[in-house]
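Fit chains H, L and V to the given chain X structure using the hints.
4 protein chains.
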Amino acid sequence: MPDSPIAPRLQASFDRQTMMATFGATLVSASGGRAVISAPLLPGVRQQHGAGHAALAFGIGDTAAGYAALSLMPEGREVMTAEIKINLLSPALGERFEAVGEVVKPGRRLSVVRAEVVAITGTLRKTIAILQGTMVPVDPAP
Amino acid sequence: MPDSPIAPRLQASFDRQTMMATFGATLVSASGGRAVISAPLLPGVRQQHGAGHAALAFGIGDTAAGYAALSLMPEGREVMTAEIKINLLSPALGERFEAVGEVVKPGRRLSVVRAEVVAITGTLRKTIAILQGTMVPVDPAP
Amino acid sequence: MPDSPIAPRLQASFDRQTMMATFGATLVSASGGRAVISAPLLPGVRQQHGAGHAALAFGIGDTAAGYAALSLMPEGREVMTAEIKINLLSPALGERFEAVGEVVKPGRRLSVVRAEVVAITGTLRKTIAILQGTMVPVDPAP
Amino acid sequence: MPDSPIAPRLQASFDRQTMMATFGATLVSASGGRAVISAPLLPGVRQQHGAGHAALAFGIGDTAAGYAALSLMPEGREVMTAEIKINLLSPALGERFEAVGEVVKPGRRLSVVRAEVVAITGTLRKTIAILQGTMVPVDPAP
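Protein chains in written order, with my numbering: chain X, 1 to 142; chain H, 1 to 142; chain L, 1 to 142; chain V, 1 to 142.
Just so you know, the hints here were simulated from the structure itself, not pulled from any lab data.
Quick caveat, the model's predicted, so the values are computed rather than measured.
Honestly, I wouldn't trust all of these hints.
Stated by the list, open to error - Derived BS3-like pairs (lysine-lysine); straight-line CA-CA distance at most 27 Å:
#	chain 1	residue 1	chain 2	residue 2
1	V	LYS105	V	LYS126
2	X	LYS126	L	LYS105
3	V	LYS105	X	LYS105
Said to hold, decoys possible - One side of the interface only, derived from the structure: several residues of chain X facing chain L at Cβ under 8 Å:
#	residue
4	ASN87
5	VAL104
6	VAL112
7	ILE130
8	GLN132
Ideal Cβ placement from N, Cα and C applies to all residues, glycine included.
So here's chain X without its partners, still in its complex pose (with noise of 0.2 Å):
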């Protein structure tokens, strides 16, 4: 089954994220309270080993939470982190990382927000994190 279409207002917020870029992460599909970005394991991203930093792993699952948020606000709104726990379970090692993010209750003030990393290798999926947080909405700045 094919990822649904990423409304156009997604698409444009999540090009206007230089971070993603850098991490050379892409938004895979984002609607209905889920999204998922899709990144490799740049030369740039790692830590000390070699493995991906957790701030990789951070960076796409927050920013897939943030997206799931997103899908469920009307045009104009934008939604920022509050704040977001991470449990880090292996190293990211892989061919490519996939965050999964979805929203567990969505609110007016406040979005609760899941996401889990996975590792791809081939075939192979391997969890390497998950996520707990809270999003805002916010208004755009003018």
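This is chains H, L and V only, laid out in the frame that chain X set:
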């Protein structure tokens, strides 16, 4: 008062973290259970509104906390983040950011750490994020 | 399908937790990395508006996650919470609460866990809290 | 220096929390973004080894953080915990426990808080837990 010199093993470990180079980050100090990292707001580390991405504050905060923990460990040990939580207080806007990590409770099996990330503009300092987490000592890869 | 029988060592450990008796909590099941605890909304566990205090949802969620972890460990081991985070989704109102803990990643040194706390009123089930944290195996006190 | 008097609205709110009575907890001070709660190690609040249950440290830490936040809000507001994370540093053993909550960043929509829980035995003070979280102002129930 000048910062105390950074032990070569800590500097060498930091220098192997390509994510820190991508962020333009430098290790300012690391000794006695406290470490400081400084990073500018590079064009490639932004979120959709031009502020620093949450992964920047997270990345330097987490890494400062890690070197704070490592500074208390004997030569030949390494440290990994088991988990960490970040609360984002304000948008990451400023000339540069400083992350201060400290060990709250060192341990043989777990070290509890905290970090604070400050945005600096001229003489102005504003806390933009606080982190609390757990580092685990690991044997270095052979 | 009936719950699988609870191993006597897990039940005995639970029965020594006087906080669980104070909460009126019972261990419903605990095996294979999953545990369920049930508790009523007693008069003595409330916050200022009469809903269950955050410490109630936390207490049964944390404990369910702990027995989920312990159910995967060999006889004679114990488990302690290293850290845990709770997001509260809705006020703790209902006839009773059910906390379901599960192990996301078991480990010799750390087990990553999650829990969900549900309020039950008649046939209605509403998730009121989610938790994510870390359990550490410990040697039992002599 | 004596503690400043506790505003009657804060004391009245605390007194409605039956969980605090169950814990034998008292509100020692609450003003200017800081609150202190004291609690003994009652027989009914233990985990399986006789130390205080994690829900005790969590409960008084969370509540101290909540009254710290509430102390900065205008009359007629209430505050709820949106999320909070606890790291447990040492077993909760001592004659009594003191939780000190403080506001790191007050806000109209979110207040970021921290708390520290200390075990006290004679003149000995030992930090047993640290917490970091988010409080949200709410309109009081009608």
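Exercise. Is the interface hint for GLN132(X) satisfied, with its Cβ closer than 8 Å to some Cβ of chain L?
Worked result: 4 Å, holds
Exercise. Are LYS126(X) and LYS105(L) close enough, with their CA atoms no more than 27 Å apart?
Worked result: Roughly 11 Å between the alpha carbons, so the hint for LYS126(X) and LYS105(L) holds.
Exercise. Does the CB of VAL104(X) sit less than 8 Å away from some CB of chain L?
Worked result: Constraint on VAL104(X) satisfied, holds at 6 Å.
Exercise. Within a Cα-Cα threshold of 27 Å, do LYS105(V) and LYS105(X) meet the stated pairing?
Worked result: Satisfied, since the Cα-Cα distance of roughly 25 Å is no more than 27 Å.
Exercise. Straight-line Cα separation of LYS105(V) and LYS126(V) no greater than 27 Å?
Worked result: Holds, at roughly 26 Å.
For this session: Classify the hint on ASN87(X) as holds or violated, based on whether any CB of chain L lies nearer than 8 Å to its CB.
Result: Hint on ASN87(X): holds, closest Cβ of chain L at ~5 Å, below 8 Å.
Exercise. Does the CB of ILE130(X) sit less than 8 Å away from some CB of chain L?
Worked result: 6 Å, holds
For this session: Return the status of the interface hint for VAL112(X): holds when the least beta-carbon distance to chain L is below 8 Å, violated otherwise.
Result: 5 Å, holds
In terms of the numbered hints stated before, the structure departs from none.
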